[in-house]
Structures are given as C-alpha cells and as structure tokens.
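Could you build all of it, start to finish, from the sequences and the hints given here?
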Amino acid sequence: MDPKIKLLFLDEHAAEGAARYGVSQKELTFIGGFQNFIYSYDRDEFKYILRFTPSTLRTSEVLVAEIDWIRYLSESGISVSEPISSINGEYYELIQGNTIDFYVTSFKYAPGCKIGYPECLGNSILYEECGRITGRLHKLAKLYKPIKAKRHTWEFNEYLLRAEDYLPSEFRPILIALDELKGQLASLPVNADNFGLIHGDINVGNFTIDEAGGLTLFDFDECQYSWYVEDIAIQLYYLLYVFGEDSKFERKVQYDLFIKHFELGYTEDGRRMPDNWKDLLKLFLRLREIIVIVGMHRSWDLSKPDDWTRDFLQDSRMRITKGISLIDEF
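So in full-length UniProt numbering, spot 230 of the sequence shown is number 230, and the numbers just go up one at a time.
Rather than coming from a laboratory, the hints here were simulated on the basis of the structure. Note that this is a predicted model, so its numbers are computed, not measured. Do not take every clue at face value.
Cross-link-like lysine-lysine pairs, in silico, DSS-like; alpha carbons within 30 Å at most [to be verified]: (1) K114 <-> K278; (2) K148 <-> K108; (3) K182 <-> K282.
Right, dumping it as structure tokens:
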C-alpha cells in the first residue's frame, strides 16, 4: 500500500463502509491488503470480506467491470469469492473523504484454507488443479461479452504506468528494460484464442483449497485484458522466485513439475493451451519480475532489508537489466 494513502484512510471511513453493509466497525477484523484495505466480518453465521479501494487506484466503472466478471464466472460454475450487495442493494458504495474517496465492496469469504510456502512447492496435485481452474477461466473468457463496463488492457497496469514514480533514481536501468519489454509485448499477435480477460494475479495468496482439493479464486482486483499466457506465468513466477541464483537446479525441478501437471489440468476436457505458451513464458516472467520490484518499492521500506530480500533484490535487478527471466538459463 502506498504510505501516503495509508495516512488518508481513517477510522471513520471504515465505520461508514461497514454500516453500508449492515455491520459496525467493531465487528471488522483488519487482515491486510497490498493495494486495498481488507477486513473480515461475520454476519448470520457466515464470514465475509470488506474491501476499501482508494479512488486514486480504481474508478467506479472499473469496479463494475470487476464485479460483473466475477459474477459471470460464478454463474458459469467457477468457484470464486462472490460479491454481495450492500443494504442499499448496490455492489459497491462510495465513501467520501477530504482528499480522496474510497469504494467499498464486500465478498463472500472463500471456503477452505490457504496454502503457503513451502507446502505449495513440489505439489503436483496443486499444479494440476491450478491448470484446471485456469483453463476453465480462460475458456469462459473467450465467451465473455461485458455489457456495463470494460476492464483496462495490460499496458494500463498501475505498476507499469507509475514505475518511474515508485522506483529510486538508481533503478533507471529497470525503466529502460521495461520500455524494451513493452515493445516486445506490443508486437505479439492478438486474437480471440490467445488474448482476453484474465484474473491477473493468481498465486497462493489469492485462492483457498477445500477438503476435496478444489480451488476457490478471489482478489480479482488485477483482472485485465492480456494474453492468457500471462495468467500462467504469474503462477509460475511465485513458485520460482523463492529459489535464488545459487539454487538453479531446484528452480529447474520446480519448473518441470509445474509445467507437466499444470498442462494436464489446463487441457482437461479438450481445452488447448495458448499458442507458443512455453516460449512466451519468458517474456511474461520478466514482466512479472518488474511488477514485483515496482510493488515492493511502492509498499515496503527497503532501507534495511533482511538477508533474503537483499539477495532477491540484487538477483532480480540483475535479471531485469540483462533481459533474462527465471527460466532463461535452463
């Protein structure tokens, strides 16, 4: 979260937002958030999420597009954290502030449990399930026709648009690498089979697993129009970045396991992988690496990083400036 925005979000905003959904502020439990302020609350023996989104980050039209996309997926049989309406019957409410406003939305709490590190590593069953739900999502995206509003395309991602604002001056080589990468991505073919509305941030922090092993997706805040391969590369990135430059063998083992089992799930029921997806993974892994670095500088105090973070930043900066991805040297 941008530190400046943190100072602008007040208790009174949380109280008013809660009231719009029929609960009091004291019933809210803050559970974090990287771009939004996220709370949980209970009502009628069920658990829900209450999300406050700064108006500097999203417009009402973009929120409407996100909610419609989630509802479409839910109605089509995808297990997602569904949006619920306020006491006024609206899927979002505007909370006005002195400097910026906040949009408040609420969702059903995803059933099951999260899986973290290291449990998510080397987990072939999980990767097959990730492939299965991603494949179903992409199949539905090819049929989806938004009516009320439309999400932005990949090049209008906030991290890409504001990279220069968030990165220190000494990181200018990363901005140069980003410009070059944008040019490469802009030259890729765009058609109905390879490009559409994606989740945009599938990772172990954004889904839960039930007792039967099924996944429920949530946090569609980064959904955007992009190549379907980006949705795959994002999942792969968060399974590889934990292995430093001194652990390339382990990284390769992890990559091979993910690719094999993700493809098994994705292609179930006759679904096809996107064209040239394995070759394009490198481009989108590089894109995700830049987005992660920008996000870290936006939201974290990196003046005194721990040992792992310091090493990661050093390795990541090297890869970005050399134009290589986590899998280039396999």
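Quiz prompt | List of violated hint numbers, smallest to largest | solution = none
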